[in-house]
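> First to last, the protein sequences are chains V and R. Just so you know, we're using the working numbering here: the first sequence kicks off at 2 and counts up by one. Just so you know, we're using the working numbering here: the second sequence kicks off at 2 and counts up by one.
Derived from the structure by calculation, the hints contain no laboratory data. Just so we're clear, the structure is a prediction, and the values are computed from it rather than from any experiment. Glycine included, C-beta positions come from ideal geometry on N, C-alpha and C. Among the clues, some could well be false.
To be verified - If the Cβ cut is set under 8 Å, some of the chain R residues that face chain V in the computed set are: (1) S10; (2) Y33; (3) K50; (4) E67; (5) S71; (6) T73; (7) K103; (8) F106; (9) G109.
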Amino acid sequence: DGGITQSPKYLFRKEGQNVTLSCEQNLNHDAMYWYRQDPGQGLRLIYYSQIVNDFQKGDIAEGYSVSREKKESFPLTVTSAQKNPTAFYLCASSTSTGLGGELFFGEGSRLTVL
Amino acid sequence: AQSVTQLGSHVSVSEGALVLLRCNYSSSVPPYLFWYVQYPNQGLQLLLKYTTGATLVKGINGFEAEFKKSETSFHLTKPSAHMSDAAEYFCAVSDRGTNAGKSTFGDGTTLTVKP
């Protein structure tokens, strides 16, 4: 079945460490997104990419980095510069302009800083 | 700029009762509108969407929503709640055209269903 796979599902990090969250999709979608979710809040966009080798900052990009070397993959690195990284991270994809912008989500990765 | 307001962060209904989750939006152009559902520790799943055409949209699991341009609303309803409907629901708005898919989300409404 086609879908989005995020790994790991749970991740613990010590302060000062960088961590990378994986996101892979086999939906053949052009666009991919990373969102951060905190309790009682909606989703906030971190980065997005509409084509391979190109990506743009979202609303809360500081302390995060991404790459888009392959259409299927959009990994997110949470760097030590992110002051409050404990959150639930969601990866999503969509066709670039079709289907009314519907987003397809992965199961999420929960990052906890110890 | 677009924005979404979900009225009520928590809604509680009895099993079999009407479910009504409220969403108002602002957008400078006719938007795409979505409702997503999220179960604990999972990703979001699309319930339904409005893009164009009929303003009453039917989705999965018996949910429906009506786009009311004059009220800038897109409220989600279900005639009879089931225990399995307990989850968090998000309303989202997206621009048409080149930014399709770059959605703005509301803060979410947690639905509790009492037996």
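> Where does the structure disagree with the numbered hints, that is, which hint numbers, in rising order?
Going through the list in order, the structure violates hints 4, 5 and 6 and respects the others.
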